[in-house]
Amino acid sequence: MSANPVVKQYAYLLVHTSDFVRYGSKPIREIPKSQELGPAITAHLRNFAQVVAYPPNQVFIGNLHPEDLAAWPEPWWQHPVEQASPVGKYGEIVDQETFYGYLKAADGFDLVYLTPGFTARVRERLQGHHLSIPEDMDNLGPGVEMDKIKHAIEAEGSLPLFHQDELIGSFQRHHDEDASLSAHVLMENLMTKASGAMVVRLLLERAGMTPEQGRYLISCSEEAVGDRYNRGGGSMAKAVGDMCRMVNSTGADTKAFCAGPIYALVHGGGLVKAEVFENLVVFGGGCLAKLGMKYSGHLKHDMPILEDVLGGIAFLLTPDDGVSPVLRLDAVGLHTVGAGSSQQEILKTLAVIPLEKLGLGLTTVDKISTELHNPEVTVPQGSGNVPLNNYKLLAALAIMRGEIKREELNEFIATRGMPGFSPTQGHVPAAVPYLGHAAEAMAQGRMNTALLMAKGSLFLGRMSQLSDGMSVLLERNPARKAGS
Amino acid sequence: MFEGKYVVALGERDGVPGPVIAEVLRAAGANVIAMVTECFV
Amino acid sequence: MDAENQSTIMRLAEEYGRENLMVFLGATDVEGVEISAETLIAGDPSFAGPLAGVQLGLQVYHILEPSLKRYIPPEVYQERLGIFEVIVDAQRIEDSLSKMRNQAA
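Sequence lines, in order, name chains A, B and C. Counting the first sequence from 1 gives a position; the numbering used here is that position plus 1178. Counting the second sequence from 1 gives a position; the numbering used here is that position plus 318. Counting the third sequence from 1 gives a position; the numbering used here is that position plus 275.
For reference, chain A alone in the conformation it holds in the complex:
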């Protein structure tokens, strides 16, 4: 058997989608119940410059590190990063107008109508944009007249599309009795596809690969593509491969709630290690449903609605190149069916057991990356600080196991943990937003090991009361000399 695979490249994407907050699962259900809510949400949306300057977003694209955020004055939304750039070391932040171009470019079924005027604007955005390809321009078409758009909204079940609160198009449904092909579900899926394709193109660009060189894709996105006879049938992976013109690739989807990316990395790593594919892309596109999910907490505290971006993640797995961080498939943490639901059991299976396999412990692994939900999003809603809670639990476990003393709890959290900086996009925060930071630290000889662990709320689907979770250890490539 060949050596463990490596994570050769990574890419991160944020897409500012403030005019889609109204279509997040929570807002779309609540707005019709109150006349004041829609305008209140609109009044609390951020502009692109604010999104770019938001410190956690700068950490997500690699211009700041989690350590910087830990020392940043709070609240973060009131302490923007000065002269922040939308282009980061590991990724970038894209504005909504540009995204509309990619959304239309992703559309092969006349789902998206944009007015001729707005089409001309997005065409300008895409021309010369480093992620666009000639086929995108062809797909934009001439646009659709406003009369037809208004008719579609009034008579055909289409949803209005806005840019800066101005009507610029509509999103069509494709079956009047099939909930899986309603305008809202198709919008969710197409947004995942468009943002997924953007982050995969960014990954290929960063890796210096042509699309033709790609061999396989796994999507760990959160949508469910399909029709009434095959709800959730897939394949987002292949749809994104198509949009990226990865003509020699195929692919399929891996779903595991918020633990999806870890499962996808382990599945993909296994296929590379077994020499089924010489390279493999794991990606997750953004999740419309999560936009504005905790808006009521933000409105209550009169702060901006922070769930206004789609997230995108992508990773390139290849055989060992002697340089890139190694995915230790011999140190995978499994939350087995029989493992139970208590935090002790979950964390033992996800953290202690895989680390022990390599002779490591909770205090000898350099960093533990858990689900990195931005606490500024969750705390105002009374939903707690997810990463901090998990680090506290890990610290408590270390105390119970005698690895640290009770008074060392805070030091453990500061040393092994980090503040959450990921948008609350379900699968996106699943430990992997830290992968780029870890890879950089390993390349610079500042770090040897990082445990990536995520939990999933299986019970939300009502098929099992079980929780879920998986972890895998990322290790500095042993072929690198110490400090090199």
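Treat the hints as calculated values from the structure; they're not laboratory data. Some hints here could point you the wrong way.
As the list claims (entries may be wrong) - Below, computed lysine-lysine pairings styled on DSS-like, alpha-carbon distance capped at 27 Å:
#	chain 1	residue 1	chain 2	residue 2
1	A	K1583	A	K1433
2	C	K344	A	K1526
3	A	K1659	A	K1545
4	A	K1328	A	K1211
5	B	K323	C	K374
6	A	K1659	A	K1451
7	C	K344	B	K323
8	A	K1204	A	K1328
9	A	K1478	C	K374
10	A	K1526	A	K1583
11	A	K1583	C	K344
12	A	K1451	A	K1433
All of these numbers come straight from a predicted model, not from anything done at the bench.
Given chain A's structure and the hints, the job is docking chains B and C onto it.
Chains B and C alone, transformed into the frame defined by chain A:
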């Protein structure tokens, strides 16, 4: 404490999950009639 | 608390009788626990769910309240909940919920 009472376990994913509350309360003799686990993210 | 869980508990309260129903919470964020308890006692403070304006007046406890510990077999407690003793201010949660229970009674 639990005599004649019906108990609902309303757990949370990153705290004490529903099945654990239910298990612990059943061990204490409670009649647990429902369990739910909330997930805020 | 999400609307689905609010309506589940509302249904159970009707079915089993409000005075016979006890709810045990498991979240560890104190503010979140207080919001859930308020929802089940006095009604949904966000006025978004089915319990908006509905005073169920349920008996709400938290599974980690120190004075409940004596009802639970020690080995079960240690194995399932022991990890929280180090990191959760269970007394603060108990004080807060106890105050709310007393006000409701």
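Q | Proposed proximity, A:K1526 with C:K344 (alpha carbon, max 27 Å) | A | holds (24 Å)
Q: Starting from A:K1451, check that the Cα of A:K1433 is at most 27 Å away, please.
A: Answer holds: A:K1451 to A:K1433 is near 21 Å, not above 27 Å.
Q) Does A:K1451 lie within 27 Å of A:K1659 when you go C-alpha to C-alpha? A) holds (23 Å)
Q. Do the alpha carbons of A:K1659 and A:K1545 lie within 27 Å of each other, as the hint requires?
A. Holds, because 20 Å separates the two Cα atoms, which is no more than 27 Å.
Q | Given pair status - C:K374, A:K1478, alpha carbons within 27 Å | A | With a Cα-Cα distance of about 24 Å, the restraint between A:K1478 and C:K374 holds, given a limit of 27 Å.
(Q) B:K323 and C:K374 were given as a pair; does the straight-line alpha-carbon distance stay at or below 27 Å? (A) holds (21 Å)
**Q.** Straight-line alpha-carbon gap A:K1583 to A:K1433, limit 27 Å
**A.** Status violated; Cα separation ~38 Å.
Q. Are A:K1583 and C:K344 close enough, with their CA atoms no more than 27 Å apart?
A. holds (24 Å)
Q. Taking only the CA atoms, is the gap from A:K1204 to A:K1328 under or equal to 27 Å?
A. holds (25 Å)
Q) Has the given pair, A:K1526 with A:K1583, been kept, meaning a C-alpha gap of at most 27 Å? A) Given that 27 Å is the threshold and the Cα spacing comes to 18 Å, the pair holds.
Q) Taking only the CA atoms, is the gap from C:K344 to B:K323 under or equal to 27 Å? A) Answer holds: C:K344 to B:K323 is near 18 Å, not above 27 Å.
Q) Given the hinted pair A:K1328 and A:K1211, is their alpha-carbon gap at most 27 Å? A) It holds: about 23 Å lies between the C-alpha atoms, which stays within 27 Å.
Hint 1 from the list above is the single one not met by this structure.
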